[in-house]
Amino acid sequence: SQTIHQWPATLVQPVGSPLSLECTVEGTSNPNLYWYRQAAGRGLQLLFYSIGIDQISSEVPQNLSASRPQDRQFILSSKKLLLSDSGFYLCAWSGVTGYEQYFGPGTRLTVT
Amino acid sequence: AQSVTQLDSQVPVFEEAPVELRCNYSSSVSVYLFWYVQYPNQGLQLLLKYLSGSTLVKGINGFEAEFNKSQTSFHLRKPSVHISDTAEYFCAVSKSGGSYIPTFGRGTSLIVHP
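In order, the protein sequence lines correspond to chains A and B.
Going letter by letter, the first sequence gives residues 1 to 112 in the working numbering.
Going letter by letter, the second sequence gives residues 113 to 226 in the working numbering.
Hint data in this document are derived by calculation from the structure and do not stem from the laboratory.
Each residue gets a CB set at the ideal place from its N, CA and C atoms; glycine is no exception.
One or more hints might be untrue.
What the hints assert, rightly or not - Distance windows between CB atoms, simulated: (1) B:S166 / A:G16: 50 to 60 angstroms; (2) A:L11 / B:T117: 26 to 36 angstroms; (3) B:F126 / A:T110: 28 to 38 angstroms; (4) B:T117 / A:A39: 15 to 25 angstroms; (5) A:I51 / B:I172: 41 to 51 angstroms; (6) B:S166 / A:I51: 26 to 36 angstroms; (7) B:P130 / A:S57: 40 to 50 angstroms.
Model the full structure from these sequences, guided by the hints.
Here it is in structure tokens:
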């Protein structure tokens with residue numbers, strides 16, 4: 001069966017510090033991968049999606065970036081965090097058809 | 113482009129009562145429809161999906177939803193809720209025939225009181 005991992009689970013970082021969140025998927029190949037952010041009390045905001053290695057699309061211009069160094073690994077990064085980057089970050093994957101998505105447990109990021 | 117409207121941001125209900133969470137969508141093409149549940153501090157979990165076939169779809173945890181094409185709705189129902197159903201529920205839509213990007217509603221918070 002397929003599983004998706006995210007780490008760390010929680011993170012407290014000062015403003016201006018770098019960020020690296022990691023997501024890996026097991027039990028499937030060539031998944032579509034997604035990064036979402038949830039601000040407190042709000043819905044899902046799609047940040048990045050990838051339909052293959054070296055194929056990453058950004059949905060929202062900001063100080064975040066994403067990379068996919070391996071087929072089942074998706075990394076969210078920032079060089080300098082802002083207060084507004086605080087939120088709950090969710091990684092998800094879908095199969096080739098791209099229909100239903102399967103979400104990881106999330107990372108709670110607090111920028112202080 | 114498609115859009116999803118979840119009409120209620122919060123639905124309070126007593127335990128063992130029935131509940132309906134409303135979802136309406138708009139799209140110029142055929143769509144696939146989904147409901148997800150998110151428990152506090154967790155990721156989203158797929159409850160059920162409509163791709164084709166019977167318009168009444170049964171999902172996990174006793175939930176079901178009915179696709180109504182004429183009313184462009186996909187309401188989620190449960191005949192008797194439990195305290196453990198307290199969570200955030202998201203409706204989502206994808207274009208049929210290939211779209212990697214679903215559109216999510218803003219979510220409905222279901223609060224079950226004892």
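Checked hints:
1. At about 54 angstroms, the CB distance of S166 (chain B) to G16 (chain A) agrees with the hint of 50 to 60 angstroms.
2. Roughly 33 angstroms separates the CB atoms of L11 (chain A) and T117 (chain B), a value that falls within the hinted 26 to 36 angstroms.
3. The hinted range of 28 to 38 angstroms is satisfied by F126 (chain B) and T110 (chain A), whose Cβ atoms lie roughly 35 angstroms apart.
4. With their beta carbons about 20 angstroms apart, T117 (chain B) and A39 (chain A) fall inside the hinted range of 15 to 25 angstroms.
5. Distance hint check: the CB atoms of I51 (chain A) and I172 (chain B) are about 28 angstroms apart, inconsistent with the given range 41 to 51 angstroms.
6. The hinted range of 26 to 36 angstroms is satisfied by S166 (chain B) and I51 (chain A), whose Cβ atoms lie roughly 31 angstroms apart.
7. P130 (chain B) and S57 (chain A) have their C-beta atoms about 41 angstroms apart, which keeps the hinted 40 to 50 angstroms range intact.
Going through the hint list in order, the structure does not satisfy hint 5, though it satisfies all others.
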